[in-house]
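Input sequences plus hints: build the corresponding full structure.
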Amino acid sequence: MLKIENLHASIAGKEILKGLSLEVKAGEVHAIMGPNGAGKSTLGNVLAGRPGYEVTAGTVTFNGINLLELEPEARAAAGVFLAFQYPVEIPGVNNTYFLRAALNAQRKARGEKELDSMQFLKVVRGKVKAMGMKPDLLNRAVNEGFSGGEKKRNEVFQMALLEPRLAILDETDSGLDIDALKQVAEGVNALRSPERTFLVITHYQRLLDYIVPDYVHVLADGRIAESGDAQLARELEAHGYAWVREHVAPGVEA
Amino acid sequence: MATQPEEVQAALSGSYKAGFVTNVETDTLPPGLNEDIVRAISARKHEPEWMTEWRLQAYRHWLTMKQPHWAHVNLPEIDLQAISYYSAPKKKPKSLAEVDPEILAAYDKLGVPLHERNKLAGVAVDAVFDSVSVATTAQEQLAKVGVIFCSMSHAIVHHPELVRKYIGSVVPQGDNYFAALNSAVFSDGSFVFIPKGLRCPMELSTYFRINAGHTGQFERTLIIAEEDSVVSYLEGCTAPMRDDNQLHAAVVELVALDRASIKYSTVQNWYPGDENGKGGVYNLVTKRGECRGPDSRITWTQVETGSAVTWKYPSVILRGDRSSGEFYSVAVTKHYQQADTGTKMTHIGRDTRSKIVSKGISAGNSQASYRGLVKVEKNAINARNHTRCDSILIGKKCGSHTFPYMEIKNPTAIVEHEATTSKIADDQLFYCRSRGISEEDAVSLIVNGFCKEVFGELPMEFAVEARKLLEVSLEGAIG
Numbered sequence: 001m002l003k004i005e006n007l008h009a010s011i012a013g014k015e016i017l018k019g020l021s022l023e024v025k026a027g028e029v030h031a032i033m034g035p036n037g038a039g040k041s042t043l044g045n046v047l048a049g050r051p052g053y054e055v056t057a058g059t060v061t062f063n064g065i066n067l068l069e070l071e072p073e074a075r076a077a078a079g080v081f082l083a084f085q086y087p088v089e090i091p092g093v094n095n096t097y098f099l100r101a102a103l104n105a106q107r108k109a110r111g112e113k114e115l116d117s118m119q120f121l122k123v124v125r126g127k128v129k130a131m132g133m134k135p136d137l138l139n140r141a142v143n144e145g146f147s148g149g150e151k152k153r154n155e156v157f158q159m160a161l162l163e164p165r166l167a168i169l170d171e172t173d174s175g176l177d178i179d180a181l182k183q184v185a186e187g188v189n190a191l192r193s194p195e196r197t198f199l200v201i202t203h204y205q206r207l208l209d210y211i212v213p214d215y216v217h218v219l220a221d222g223r224i225a226e227s228g229d230a231q232l233a234r235e236l237e238a239h240g241y242a243w244v245r246e247h248v249a250p251g252v253e254a
Numbered sequence: 001m002a003t004q005p006e007e008v009q010a011a012l013s014g015s016y017k018a019g020f021v022t023n024v025e026t027d028t029l030p031p032g033l034n035e036d037i038v039r040a041i042s043a044r045k046h047e048p049e050w051m052t053e054w055r056l057q058a059y060r061h062w063l064t065m066k067q068p069h070w071a072h073v074n075l076p077e078i079d080l081q082a083i084s085y086y087s088a089p090k091k092k093p094k095s096l097a098e099v100d101p102e103i104l105a106a107y108d109k110l111g112v113p114l115h116e117r118n119k120l121a122g123v124a125v126d127a128v129f130d131s132v133s134v135a136t137t138a139q140e141q142l143a144k145v146g147v148i149f150c151s152m153s154h155a156i157v158h159h160p161e162l163v164r165k166y167i168g169s170v171v172p173q174g175d176n177y178f179a180a181l182n183s184a185v186f187s188d189g190s191f192v193f194i195p196k197g198l199r200c201p202m203e204l205s206t207y208f209r210i211n212a213g214h215t216g217q218f219e220r221t222l223i224i225a226e227e228d229s230v231v232s233y234l235e236g237c238t239a240p241m242r243d244d245n246q247l248h249a250a251v252v253e254l255v256a257l258d259r260a261s262i263k264y265s266t267v268q269n270w271y272p273g274d275e276n277g278k279g280g281v282y283n284l285v286t287k288r289g290e291c292r293g294p295d296s297r298i299t300w301t302q303v304e305t306g307s308a309v310t311w312k313y314p315s316v317i318l319r320g321d322r323s324s325g326e327f328y329s330v331a332v333t334k335h336y337q338q339a340d341t342g343t344k345m346t347h348i349g350r351d352t353r354s355k356i357v358s359k360g361i362s363a364g365n366s367q368a369s370y371r372g373l374v375k376v377e378k379n380a381i382n383a384r385n386h387t388r389c390d391s392i393l394i395g396k397k398c399g400s401h402t403f404p405y406m407e408i409k410n411p412t413a414i415v416e417h418e419a420t421t422s423k424i425a426d427d428q429l430f431y432c433r434s435r436g437i438s439e440e441d442a443v444s445l446i447v448n449g450f451c452k453e454v455f456g457e458l459p460m461e462f463a464v465e466a467r468k469l470l471e472v473s474l475e476g477a478i479g
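Residue numbers (the working numbering), protein chains in the order written: chain C, 1 to 254; chain A, 1 to 479.
Be aware that one or more of the hints could be misleading.
Said to hold, decoys possible - Some, not all, of what chain A presents toward chain C, calculated at C-beta under 7 Å:
{"id": "1", "residue": "Asp427"}
{"id": "2", "residue": "Arg433"}
{"id": "3", "residue": "Ser434"}
{"id": "4", "residue": "Ile437"}
{"id": "5", "residue": "Gly449"}
To be clear, the hints were calculated from the coordinates, so they are not data collected in a lab. For each residue, glycine too, the CB sits at the ideal point set by N, CA and C.
Printed below as a string of structure tokens:
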């Protein structure tokens, strides 16, 4: 479903990804770990199409299409979703309005019928309930005045509504206390399905206690230095990233 | 937003939708300005002697004045001898049924509900085409409850006592260069009178359209709200696309007596000129309201997307004790547009309040300035003002400026000013796009959110219109 081959990407002339390859099948959960500066967030941003990142080599194929050719909004319509590390506030823009605009834009791009206000309200209220969100979320402006935890939960909520096929969680656990972390993880787990693939980018093993991945990849210096199962994350937690450098990928500079 | 494809299509199909010219036979005075022209305008309108004299007084005063240059705009010296001061459709309609179908069609294109359907919409419309008022709807219905809503020319002839009492009482003939010019040559405009104790049963609305080339539009509007009355009034403006600049120098006067409330909303979409800065309307307007009685209230709300040059400061004189003035503004500039707009709040009575919310959006090579004066006179005990000015810049070549002035002569005053300037953040744009929203829709979404507080002040149906106008105006603003 997602195939990344020899991906090189730079920002402001500085190469961050240096030949990253990764293959992910439908329904799998892959955790991407690694030290600061290894290129974890860059990977998420490049997949979502953030302006400013330049892909200098390599390919990304998503369900048979060349993802790198698409504008960010077209990638969203194709089923790519990025849960932001730092969700942005959009003052004055009502959440319901924003979500309906997003969902309908995607539906339109896919040639599906757009939802009218009534239909949409029904859908969105159902999701609010299912995800255990406070109903007043729908009346508030997008992320405006939200606490850190609320913002992250709102990302997961948007994901539930937009039902992507590839969900990239960019350090969704950072800055969360243990209760908020559990809530976020529960939200993600509820969305796991055979059609949906997750890339969970995180610094810490902690999140992976709640979202148990099928595979764990350790990113170092813009490449995947090591891959394994959930056990790899626990070893990392025990030994630190230095251990990867010394024992797993000698010669790779982090 | 992308929810209604036909609207999006319409938004994409043309950047200035009101830019058509209507072929109507006109009675136009030769270009130029002198006492004979002033007399001719007055004669064409069958005005009483005192009105002609009033105009001539203004004209003589104007001769002693010079075009002002203090605003942060580059306004060329306007050759006032090159334009015509009166242009009227030749066929004089006696009733709405007789209005030239070409004119009705023109207003139809603009979405002005002139026909009987306006009753359903609950909006009474006065429409000014070039210099004269061509149709005032729902007049009879309003007359039954004692509201006078008619063209200024009609009011001068049929309600001279009211006009004579109030005209120039808020904006004197010699107030400023353009107001003096308007006082001399104004051709038409709207007149509203709300009697004591009445809440006007419908929204009143005027549509102004400049059609003829090389003419100026000098309308004059006067709204009087007697004791304990309430009225909401909206004006909309458009002009065809022409390569030469068109001049619009209006005067609006509002008078609110004891406990009366006037809400005046403007959606202004004059032709802004093309992307190279050619053509467009010079919108040089004097708008002022006076809270003459205690506990009265005046609210100005404006959404301005048009004009090549805008010079406009809707103001409130807070004379009555406990009176309040509010100013809510959204000004959008793009291409080479220049806007210098803001407000003046003059606190004279005790316990007077004023509130200013100004939102500026600049794109392209445009320049937008907020210029505001909060003046607290010596006897204005406990005056309060709160001013908030926010600007968004789209792109790198535009500019946004804030010129807040304060003159405080009473130590009990509390005056607050907040200002922010920001760029539309790339982060916000990417966030919307990553959710599937196109870049253009994302811009209008973000800008709409930014303007929400002001749009909230507009009557419902006009808030919708304002949002659409914003979308059209910002089309192609990025990239």
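Indices of hints not satisfied (ascending): none
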